[in-house]
Amino acid sequence: MWRYLIPISVFAVLAAFFARGLNLNPRYVPSPLIGKPAPEFELPQLKNPEIVVGTQDLTGNVVLLNVWATWCVGCRQEHGFLVELAEANDLPIYGLNWKDNRPTAMSWLSSLGDPYVASAFDELGEVAIDWGVYGAPETFLLARDGTVLYKHIAPLTREVWTTEFLPRIIAECGALPCLPVGSE
Amino acid sequence: MIPELGQFALILALGLALIQASVPLLGATRERKDWMALARPAATGQFVFVLAAFLVLCHAFLNDDFSVLYVSLNSNTALPTPYKLAAVWGAHEGSLLLWILILSAWTLAVTAGSRSLPEAFAARVLGVLGIVSVGMLLFTILTSNPFERLFPAAMDGNDLNPLLQDPALVIHPPILYAGYVGLAVPFAFAVAALLTGKLSPEWARWTRPWTTAAWMFLTVGIALGSWWAYYELGWGGWWFWDPVENASFMPWLAGTALIHSLAVTERRGIFKSWTLLLAIAAFSLSLLGTFLVRSGILVSVHAFASDPARGLFILLLLSVITGGALILYAARARHLTVEGGFRLVSRESFLLMNNILLVVATAAVLFGTLYPLFLDALGLGKISVGPPYFNTVFLIPMLPLAALVGVGMHSTWVRMSSESLVRRLILPAGVAVGIGVIFPWIIFGRASALTMIGVSVGLWVVAAALLDPVKRILRRGSAPIALTRGQWGMTFAHLGVGIFILGATVTSSYNVETDTSATPGDRWEVDGYELVFRDIRRVDGPNFQATEGEFEVRRDGRLVTILNPQKRIYRVQTSPMTEAAIDVGWGRDLFVALGDPLGDGAWSLRVQVKPLIRFIWLGALIMAFGGLLAITDPRYRTQRKQEKVQPSSELVETA
Numbered sequence: 000m001w002r003y004l005i006p007i008s009v010f011a012v013l014a015a016f017f018a019r020g021l022n023l024n025p026r027y028v029p030s031p032l033i034g035k036p037a038p039e040f041e042l043p044q045l046k047n048p049e050i051v052v053g054t055q056d057l058t059g060n061v062v063l064l065n066v067w068a069t070w071c072v073g074c075r076q077e078h079g080f081l082v083e084l085a086e087a088n089d090l091p092i093y094g095l096n097w098k099d100n101r102p103t104a105m106s107w108l109s110s111l112g113d114p115y116v117a118s119a120f121d122e123l124g125e126v127a128i129d130w131g132v133y134g135a136p137e138t139f140l141l142a143r144d145g146t147v148l149y150k151h152i153a154p155l156t157r158e159v160w161t162t163e164f165l166p167r168i169i170a171e172c173g174a175l176p177c178l179p180v181g182s183e
Numbered sequence: 000m001i002p003e004l005g006q007f008a009l010i011l012a013l014g015l016a017l018i019q020a021s022v023p024l025l026g027a028t029r030e031r032k033d034w035m036a037l038a039r040p041a042a043t044g045q046f047v048f049v050l051a052a053f054l055v056l057c058h059a060f061l062n063d064d065f066s067v068l069y070v071s072l073n074s075n076t077a078l079p080t081p082y083k084l085a086a087v088w089g090a091h092e093g094s095l096l097l098w099i100l101i102l103s104a105w106t107l108a109v110t111a112g113s114r115s116l117p118e119a120f121a122a123r124v125l126g127v128l129g130i131v132s133v134g135m136l137l138f139t140i141l142t143s144n145p146f147e148r149l150f151p152a153a154m155d156g157n158d159l160n161p162l163l164q165d166p167a168l169v170i171h172p173p174i175l176y177a178g179y180v181g182l183a184v185p186f187a188f189a190v191a192a193l194l195t196g197k198l199s200p201e202w203a204r205w206t207r208p209w210t211t212a213a214w215m216f217l218t219v220g221i222a223l224g225s226w227w228a229y230y231e232l233g234w235g236g237w238w239f240w241d242p243v244e245n246a247s248f249m250p251w252l253a254g255t256a257l258i259h260s261l262a263v264t265e266r267r268g269i270f271k272s273w274t275l276l277l278a279i280a281a282f283s284l285s286l287l288g289t290f291l292v293r294s295g296i297l298v299s300v301h302a303f304a305s306d307p308a309r310g311l312f313i314l315l316l317l318s319v320i321t322g323g324a325l326i327l328y329a330a331r332a333r334h335l336t337v338e339g340g341f342r343l344v345s346r347e348s349f350l351l352m353n354n355i356l357l358v359v360a361t362a363a364v365l366f367g368t369l370y371p372l373f374l375d376a377l378g379l380g381k382i383s384v385g386p387p388y389f390n391t392v393f394l395i396p397m398l399p400l401a402a403l404v405g406v407g408m409h410s411t412w413v414r415m416s417s418e419s420l421v422r423r424l425i426l427p428a429g430v431a432v433g434i435g436v437i438f439p440w441i442i443f444g445r446a447s448a449l450t451m452i453g454v455s456v457g458l459w460v461v462a463a464a465l466l467d468p469v470k471r472i473l474r475r476g477s478a479p480i481a482l483t484r485g486q487w488g489m490t491f492a493h494l495g496v497g498i499f500i501l502g503a504t505v506t507s508s509y510n511v512e513t514d515t516s517a518t519p520g521d522r523w524e525v526d527g528y529e530l531v532f533r534d535i536r537r538v539d540g541p542n543f544q545a546t547e548g549e550f551e552v553r554r555d556g557r558l559v560t561i562l563n564p565q566k567r568i569y570r571v572q573t574s575p576m577t578e579a580a581i582d583v584g585w586g587r588d589l590f591v592a593l594g595d596p597l598g599d600g601a602w603s604l605r606v607q608v609k610p611l612i613r614f615i616w617l618g619a620l621i622m623a624f625g626g627l628l629a630i631t632d633p634r635y636r637t638q639r640k641q642e643k644v645q646p647s648s649e650l651v652e653t654a
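Protein sequence lines, in the order shown, are assigned to chains A and B.
Under numbering that gives the first Met the number 0, think of the first position of the first sequence as 0, with each following residue one higher.
Under numbering that gives the first Met the number 0, think of the first position of the second sequence as 0, with each following residue one higher.
Chain B extracted, bound-state conformation (with noise of 0.2 angstroms):
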């Protein structure tokens, strides 16, 4: 009976879903206040019944309903609690209930966060986002039930696919999908912008805070996803450049180049109809990517359960959501007007180089995911695009972006004089470039031109984040530079960034792999460590049965840690898993996966020495932290009557 009520719990939601796609939004163009008054109520009501349906498949899992389809292919009694959570949002079903959840959290931010737009636009922005709902949750009930029974119901689940049970693997899709399904706002308010015809002054500003967001989570979620394929898949690498990690990663980009032109937009009044074709685009890669991952067209190590039905589906949402608001935006960009123009060496114009660069990375990406599909649809033969192809048609855009950024962060809106500019960065150039090229081979006794090169870029990004924080702290004693919270924002945003690129330099320069074999009671030497296989032995968890190494490892004599890796078979799906055995340090990581046993006690092994490699995540959630910061700043919780800026203050900013 519960689950039922599940299933009529969304269906409630759809009822609302569509006053709140057609009501308000006629309200809006017939001024009707009455009709646009419904929007909130009707958001809230939806967000409620979402949120029952979510609680019942919750319920279900924890009460091992196996009577319930979904519930009996993806849990199991034997499986642990927390897993049994993550198993809601394990598999296609649930993960679409927890994608619409989030949207409708969302919505009901919007609600709380719009008081103080104009009426007609908050509503158009919560009709525009009923429309997304209405669409998902369509197509959630038609296509792919959660609450579907299964009679007679099974004596046991078919368990949680093993690769999922893991804790990362818990908080990583909440997360990633919030940062998704986020950017359905600021695509709302492109949308309501073109449907009111004109981009007020404010609109930027009213729309920044919500990109921030949801860019943050996608950034957290994003790194979340790396750091698990990194311990969890066996291999030590910590991006595959998978379609499933691209369609994660180009609503990252878009949304990143997002966050530039809205800062463009918002100060100067100009890139509005970039800026909003890049919501639109934002929110439509998230789109995409969900079309990708569950539609079954491209091949990934993890997609979801593919099926034809549900990807015309999506195909159908998508031409509806992406293809309406393009068409819209056709018809009405053109009318915005521009104001104001700026020079060459202008904060304006490394914002719009930024932006040219992110759309080039993200269109490489995106070609490149692609790219199978399209040769196959043509009848060309059927090929597979790998890491060699984007790690360089990703590089040759991203270095000279990172470049910039520390050029950008220190030029003034409109105009400035070169000169100033150099005279500001030299040194701190100088010096990353220095340290760029000596260290490596101090350190590592060895440098390719491109280590050099992206250390000294890393460093770049690193000490131009830094310069105005010193520069602040240097000057204390007489009057101190006030950075704003966004200024802060924006620092430890690039601080971030040059972190990770530090990292993933050093991590793909100096990484030492080996695959050995070798049988308890044999001692060798990796990279300066040396390793002694103690032993081997069986351990039984929960769900799986696992055989354990235990690996010591010295270096100069004293006993740096006990690596214990192992190598699980689940017993329900009886696949084999690999959990790697990781030492992890801030300078290096060690790590020991076992692989498989080749007779007479010997297995195969693989030992990896990954210099800095925490680098990336530490410099992933530096990036969101920052992001944490931009949104919280005052500015944008200032009411409409105190809006007015000064444009004098404007271009001292950031002297």
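Chain A extracted, bound-state conformation (with noise of 0.2 angstroms):
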């Protein structure tokens, strides 16, 4: 009788989706901005308020834009590697601080080593609005024209890195170190 088959049947195929979700995260929510062109702003620098740091800076170069934060907990994750990837020196790393304290960013930065060439001080997450920022630690990927090619949510680890970043790194640059255009 096949009504008895009907159980396994469905369960079966409830399995098969579970199967696939495991490879899916349901975190990721693609992001409207890549393949356009970053969203412009200005900024204080971190380090030095009277210095601007903002999308002038960003394009002619293949770089990472990091949104963190101190109280953010996957930010002291992925902080490490970070350090790590701006040792390598292969492109610059920029910072967005997010709604954080200027002393606080300031001592985590000397205490845990200072990955970015500059970090923008966003202290009411107004940039990060434009940015559309809903969590940190992000990562985005900008080409050398200034457009998103990638954005990134979660710690940055290795795996992501490799996977994620440097394939779209080596399409762009051709080879590591990415060098701004005209710099050789």
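Wrong hints could be hidden among the right ones.
What the hints assert, rightly or not - Pairwise CB distance ranges (calculated): (1) A:39 <-> B:362: 34 to 42 angstroms; (2) B:326 <-> A:83: 45 to 53 angstroms; (3) B:520 <-> A:101: 29 to 37 angstroms; (4) A:178 <-> B:574: 47 to 55 angstroms.
FYI, nobody ran anything at the bench for these hints, they're computed from the structure.
Backbone N, C-alpha and C fix where the C-beta goes; we use that ideal spot for every residue, glycine too.
Join these two chains into a complex; the hints should help.
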């Protein structure tokens, strides 16, 4: 009698969906910015409020823009890897210090290491809104012409770096280190 | 050294579980008594070793042993001692160990309670429980070892998630798990029956108390979780249809259906294959919940740290346990013989409708919970399914179900005349609808159709539940109607349902929610209460700093209470937590939660008046109490020899 096979069939379909679901990330929401020019901004630098850092500094080279904050646990988790990346010196890393406190953020960088060429200080989170940031850490990869190539949500790991970032960087630059156009 | 002993105890427990899962099952097939006899000692030994491992983990927490990774991630020297214990099951690894401990405790209870069962059957039940245990122990040992060391040891721990630092959350997981995991027992009874190839007439009677016991724990566990979410998450809601909540609610719905279907199978020997399927489904939904919560496959407010490797392991486990049981079901269930039929107007058919409606509700919740996953897996986009969907699709089967409760309770087995049913129930139904339509207008001055329906249905269930006991009391002088413990259980469980419906309807209809901003010194009115914001100050807790507001609540000039809501920052995890202050009352709760500072001394505030919200949890507790009464019915303790039932007494049982 076929009807006794219905439960196992329903379960098999569900299990197939679950198996597929394990390879999906429900928290991943594609950024509408990908393939579009990065939103423009100008903010005071974290370490030196007199100096402005903004979209201007990010164009001309393939760069990372890392959104971080001292209150963010995931940022502490990825920080070591960012410092490692900065030491390899393959491409410049910029920071967007989000809704943070200047002295705390500066002491964090001096105690854990500073991987950033410069960090923009977005105290009120206004720039982060333009960039569609909804949680730290987030890391953007920007092309030479300033378009957004990729956005990663959650702490950056070596695995994500090799599978998601490196191929895109190589495609854009040809080889590492990725140097600004005209600097050779 | 001690943590390694815990690890070693777990491995020994796995060894014993492997014996329990294999030898007795083979023994039952080959009719080897000595092999079957191994089931009980193996289960007992397994319990001892799992308990030892669990105590070792407790020891590590109480002694701040931060050389254990799990302890260092979930505890802190400043954490108050009760929360150190709660931290044992505060995250994935430890809660899994708790899961296993509870499974082995249930198994131990089955070894004690199954002495009157046929030996081969008891051996099969314990063998199936052993299989589940092997799976969970392997899962812990291979992917989620709670005793993993941290080298070098941490100076201090990362602290317990502040959301979990709460008295209700100390007891919520053990009770909820007792319910979740307890459903493994009816599952094992069902699989054992399928392995035997026939369902003995006593099967349902053996299975019923275990099912009811698990259901009772599940009811209390879910109620505690809802109560916690109400005062701790700071929003004043009591049910959010979050995937994790749904994960506990689906087994409850299936378990409720199972309890009713078991009643029919026990009394009338019908619905056999359906009952077996529900028993498999209820525990499978528990496992599914475990999978959903721990695999990271769905987004949830309070999911555990997720890991695809763990997800894959539980999926395999789910496939082996549920898939295996369902294949066995497909092969064997059709050979079950069905005796007897029933008429349209009979208790059987009302219970059948109950089952259909409960299964529809379970399916609707399951579908809503998994819908985002389905769409994502098919590449159709990202969506989330929220309360509007659930509230609607849940009410559609639930309102008729609640309306049927009263009718079902007063119907008799096999057949009865619809006239006598109508004659019995017309008065309570009329009174319930009358009050349900008029009272909301008198008390609150407004009522929507759904509110009037909800109140009427709630009152109707209460009236139907109380009809027999009240008659009994009124007739005390003459021959009283004797109610068995089981019938008292049913009465209380249904009374709880009615009270819950009243609470849920009135709270959702007449809840007053205001979001305001205020500075100390302000006074304003919410729903007839005058609030005075007297002061705001800093308070230090053992492992947090808090900003505490002081609010005076007056009604008609008389002081009602002083409320002190807090906004806490826990030192280690630096996450802000809202501790709402609630003035609790039978008639209403007054809820004040402190929001964020708005500058110039002003604070955003959430003030809510929630009428009858206590009825929600009170109803759940009464339901669970009904379960407790039903389990203690002496009928379940009678020995095999005395179990001849007299069919004639069955028909008059509810008359």
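Need the list of violated hint numbers for this structure, in ascending order.
1 and 4
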